[in-house]
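Enquirer: Work the whole structure out from these sequences, hints included.
Heads up: the protein sequence lines correspond to chains A and B, in order. Residue numbering for the first sequence follows UniProt numbering, beginning at 1 and increasing consecutively. Residue numbering for the second sequence follows UniProt numbering, beginning at 1 and increasing consecutively.
No lab work stands behind these hints: they were computed from the structure. Note that the structure is predicted; figures quoted are calculated from it, not measured. Just so you know, even glycine gets a beta-carbon here, dropped at the ideal spot from N, CA and C. Be aware that one or more of the hints could be misleading.
[Unchecked claim] Mimicking DSS-like on lysine-lysine, the simulated pairs with C-alpha atoms at most 25 Å apart in a straight line are:
| # | chain 1 | residue 1 | chain 2 | residue 2 |
| --- | --- | --- | --- | --- |
| 1 | A | Lys-176 | B | Lys-423 |
| 2 | B | Lys-397 | B | Lys-387 |
| 3 | A | Lys-147 | B | Lys-239 |
| 4 | A | Lys-147 | B | Lys-397 |
| 5 | B | Lys-279 | A | Lys-176 |
| 6 | B | Lys-253 | A | Lys-176 |
| 7 | B | Lys-253 | A | Lys-193 |
| 8 | B | Lys-136 | A | Lys-153 |
[Unchecked claim] Stretches of chain A that chain B covers, calculated by requiring three or more beta carbons in the stretch to come under 8 Å of a beta carbon on chain B:
| # | region |
| --- | --- |
| 9 | 5-11 |
| 10 | 147-161 |
| 11 | 269-275 |
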Amino acid sequence: MEPFDPAELPELLKLYYRRLFPYAQYYRWLNYGGVVKNYFQHREFSFTLKDDIYIRYQSFNNQSDLEKEMQKMNPYKIDIGAVYSHRPNQHNTVKLGAFQAQEKELVFDIDMTDYDDVRRCCSSADICSKCWTLMTMAIRIIDRALKEDFGFKHRLWVYSGRRGVHCWVCDESVRKLSSAVRSGIVEYLSLVKGGQDVKKKVHLSENVHPFVRKSISIIKKYFEGYALVGQDILENKESWDKILALVPETMHNDLQQNFQKHHSSLQRWEYLKKAASQCPSNIKNEKCGPWLEWEIMLQYCFPRLDINVSKGINHLLKSPFSVHPKTGRISVPIDLQKVDQFDPFAVPTISSICHELDAIFTSEAEKEENQAESDIKHRTRVVGPSSCGMWDAASASPDEQCHVHAQDLNWQNPG
Amino acid sequence: MRTTRAGVGGRKVSGRDLRASRFRFRFYKKSPATREGGCQTLCVVEFAVVAGNKMEFSGVKRRKPWLIGDQRKASYPHSLQFYLQPPSENISLIEFENLAIDRLKLLKSVENLGVSYVKGTELYQSKLEAEIRRLKFSYRESLEDEYEPRRKDHISHFILRLAYCQSEDLRRWFIQQEMDLLRFRFSILPKDKIQSFLQDSHLHFEAISEEEKNLREQEIIASSTSLGGPKLELEYVYKIPFADALDLFRGRKVYLENGFAYVPLKDIVAIILNEFRAKLSKALALTARSLPAVQSDERLQPLLNHLSHSYIGQDYSIQGNAGKISLDQIDSLSTKSFPPCMRQLHKALRENHHLRHGGRMQYGLFLKGIGLTLEQALQFWKQEFIKGKMDPDKFDKGYSYNIRHSFGKEGKRTDYTPFSCLKIILTNPPSQGDYHGCPFRHSDPELLKQKLQSYKITPGGISQILDLVKGTHYQVACQKYFEMTHNSRDPDLDNRRLLTACPVLGMYALPTMPTVGTIFKDIVLREQCVVETAWMVYMTGRRDLESSLEDGGTEAS
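Expert: Spelled out as structure tokens, the structure:
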């Protein structure tokens, strides 16, 4: 793949917005079938331009207006905001207090930096294939809850471009949810609590809620490979001391001694599980039994959400198909059927995709160039068994609510 | 939204010839033309000045009921309700007032019982039931001929809305007591009656079938901590959209499946109460906006004002108690009769010859409430501050303005009322160097224990108090303190507390209660016309009402 050079962005973006950005599908998504009048026209977008110039309250009349403006301004970054009571680009003309955010998709942002205290391979904005499993688990756990517990049908998961993933829930009733209910949903989905000064961040009650139980089953499938082998969390004294901090003091001596005797994280974990379940239950204030084992697994693997992103109706979030200015990677949708195979390092960068286009252009006849261009577009656009689903909804009968099968919007990683 | 007076009809009545006058006020909200088009009635109050000579008058205790038999039952199918529909019958001004005062007594009892006992306990429930029965309001489904109590309950609620919609404080108080009342009534509703009650109240909570329950038994038991044991067969479980169960699902206290929450009966109560609170809050705001029409009527205005003021707040205005205590009494009063929060403020003031702003506000308004005049207050604070080597001029410049302000003599001239317990507990917590606040809420338990020991409370009493504090029942703890320091459970105390407003002052000083006589005096003074005659007649006929109020044991002053 071509290396990405941020200095080339202006040129690359020009090409990207002229030839590759999927305007038709994008518009059809945000227009939601045109059922509600002016839904698209009242949507706020924000652009980040060259030299960090940030402009809010952008709005557009229709798809071609959107295309023209994006090609004209060449934004480095595009954010999507709420649907307002009036056209955002005219918000200054509206009487004070009358310009209100009314609807927006429910969104989640999961960021790898929030896991720095439990991953040993990377920190801050870095990611690698070892810690990416955290995102895989997060997607599985959250998506299951959104689908099975809350009954949300239209969920789009997107790679953020650098170190995390976003989720867009587009059901009609969900777009109308109040800020209080959104906060409540995040609270329901939260188990890891506390900042730097808190050692033990997960506390389970005796009654284990089905959501917690089901999340633990998901984590169990990955725990050995991710935590015990990949992260090797019980590799040496320095690393297992962190685990001991989550375990009652009375068990420390026994565990320290026995950890020395074993030779791998796997063995030590097995020992820890056994020791925990044998712990006499008459110790007050100390929990033993499977809860202890679960609390450790959850602290190391359970998703960590940013409540501020989800609760505000007017919060702006990076748009799918936007380019990440630092990595050049395109925010591509993630195929839920193939979550385990998703590789963030195989996601096309804007330079690779533009060079591909160029290469074809220079070496072949124009007819074939067009063919190739649409070939790339096709590869990077709607594929999969239900590719007809989403876009058909747009032309559905007015009686049918516009169901955007957002999860069908998925890109296949070329190469 | 517009409000209109619809159909004002009234004839001037002369001398002997007192013909019935009818006045009707209907408060409604006009919906925007694009939507429903009609009017949504908020509240209809119709009342008539009952006409006639003395004989007719005293014979008529109340209107004859206009419904018979099954019709009566149908209009009030349950012993409790959400007050969604305003009443629309004619009632006399007398009944209007009686209903209002009775309900006010009831809500005051609800408040006082809630402060004296932990809500939901057997003692609380039985006392509350006795009070409701005494005042002849509805509460239990199975009793015979529930029509009158239910009608009384219905109408009196709406009348009080008029009085209590007028300010944020009044609204909050009213909503709180109405919620406690509803919670009690719901708790004694038989389980099989719940479904029909919910349906009639347009709440879309459906109980799920046995099979549905069985499919999810494990999950529901694992999620709902309110369920006693592993037996689900005996419990009703309701299926409601998840967004309606926010307080439950956010803390993972309920089982969610496919967008629905499966809520056992015990938890449904919390949801219902929230619904009720939201609806009532909205209704009160709407009523407040239509109030000017009511207040312009000189008959209703004094009544409504007295209702809302008589039990909350402005009893402690100067005319009631002023000049009742002298400055040299304060020291002994502070140990004998003050609540602990004021006792510690007084002690700190005497020791440091100074108090910070929070302390000056809390203590200063309290002193005003128990009867200090402005002159006394100025003297009191100045004397003390000067002992702390403060310059008299500095005091005049810096502090006396604020004291005059709190007596309503400066600025916007609001006659501030003493802080209620809730305000002291919930707002403005004390920091280092402060002495205000509620000792039961804000003191470290060890410190509190020492303080109580120094106040010579018995060890048994102290541990009771500390237990209550641990359970966050701060006001009940303070009540216990009062009992311990006053040596008895004074039977009259319960009754007297009915008639006091500020819980803090309630125990320690008793205000003048505006009696029926004083209400009418006001009306009489306003009405120059012959309606005065009617009131005279009225007053002679209603002396029994006046005396029944005084049964409450007011210390007349």
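Enquirer: Determine which of the earlier numbered hints do not hold for this structure and return their numbers in increasing order.
Expert: Going through the list in order, the structure violates hints 1, 4, 8, 9, 11 and respects the others.
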